[in-house]
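Read off the chains here:
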Amino acid sequence: EDKVVQSPLSLVVHEGDTVTLNCSYEVTNFRSLLWYKQEKKAPTFLFMLTSSGIEKKSGRLSSILDKKELFSILNITATQTGDSAVYLCGAGWYSGAGSYQLTFGKGTKLSVIP
Amino acid sequence: DTAVSQTPKYLVTQMGNDKSIKCEQNLGHDTMYWYKQDSKKFLKIMFSYNNKELIINETVPNRFSPKSPDKAHLNLHINSLELGDSAVYFCASSQPRTAMNTEAFFGQGTRLTVV
Numbered sequence: 001e002d003k004v005v006q007s008p009l010s011l012v013v014h015e016g017d018t019v020t021l022n023c024s025y026e027v028t029n030f031r032s033l034l035w036y037k038q039e040k041k042a043p044t045f046l047f048m049l050t051s052s053g054i055e056k057k058s059g060r061l062s063s064i065l066d067k068k069e070l071f072s073i074l075n076i077t078a079t080q081t082g083d084s085a086v087y088l089c090g091a092g093w094y095s096g097a098g099s100y101q102l103t104f105g106k107g108t109k110l111s112v113i114p
Numbered sequence: 001d002t003a004v005s006q007t008p009k010y011l012v013t014q015m016g017n018d019k020s021i022k023c024e025q026n027l028g029h030d031t032m033y034w035y036k037q038d039s040k041k042f043l044k045i046m047f048s049y050n051n052k053e054l055i056i057n058e059t060v061p062n063r064f065s066p067k068s069p070d071k072a073h074l075n076l077h078i079n080s081l082e083l084g085d086s087a088v089y090f091c092a093s094s095q096p097r098t099a100m101n102t103e104a105f106f107g108q109g110t111r112l113t114v115v
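Chains as they are written, first to last, in the numbering used here: chain A, 1 to 114; chain B, 1 to 115.
Derived pair list, reagent style DSS-like, types lysine-lysine, alpha-carbon separation capped at 27 Å:
no. : chain 1 : residue 1 : chain 2 : residue 2
1   : B       : Lys22     : A       : Lys40
2   : A       : Lys109    : A       : Lys40
3   : A       : Lys109    : B       : Lys36
From the derived model, a few chain A residues whose C-beta atoms are all more than 10 Å from chain B:
no. : residue
4   : Ser7
5   : Val13
6   : Val19
7   : Thr77
For the record, the hints were derived by calculation from the structure and aren't laboratory data. Even for Gly, the Cβ is constructed at its ideal location relative to N, Cα and C.
Same shape as in the complex, but just chain A (with noise of 0.2 Å):
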């Protein structure tokens, strides 16, 4: 079954417009949580969230994670069209056998029109 659960799966709004993303996650021994932009190749790191109520800010782009309801959201705020790209969830968690593992949403792909 999914572990980590993105919404929605696609999205196409206005330049200028703001975008809210979700994640819901649900994994034992739970690490982090973090957030990548995917354009044309391999996925660009955006933020790491360990510590629920605490907001990480990048420019436009903000994330919080709540993990008392384990799930964690993506702001994006005046939007632009370079802002487009599949945005991927991932929870860092620890399995059974002690291994870490990385588990990723299935992005939500974000197109910004102008």
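With chain A held as given, fit chain B onto it using these hints.
The following block gives chain B in isolation, referenced to the frame of chain A:
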């Protein structure tokens, strides 16, 4: 210097062939991964490996096997390639066991096309 490098970037091969994709990281990380990304961009874990333990996603066919000659390398061997193996394969590494969490660093991906 590229942190995580994969070769080749593109691979086109016929069904039934055996092929390998190489991955090297120069970050000194203990854990490396292989992911398969399908046409819908779903990034699915195949293997995670540190210098002690290999964790295999049970849905991965045994035609796929990781080989790690040393801590900095995790190669992916694929036997008897099938059409459904066509995808982009990403290698990644991370260092989760330090006091500070680190994100996973990804290679540029290998686009495998089986014809």
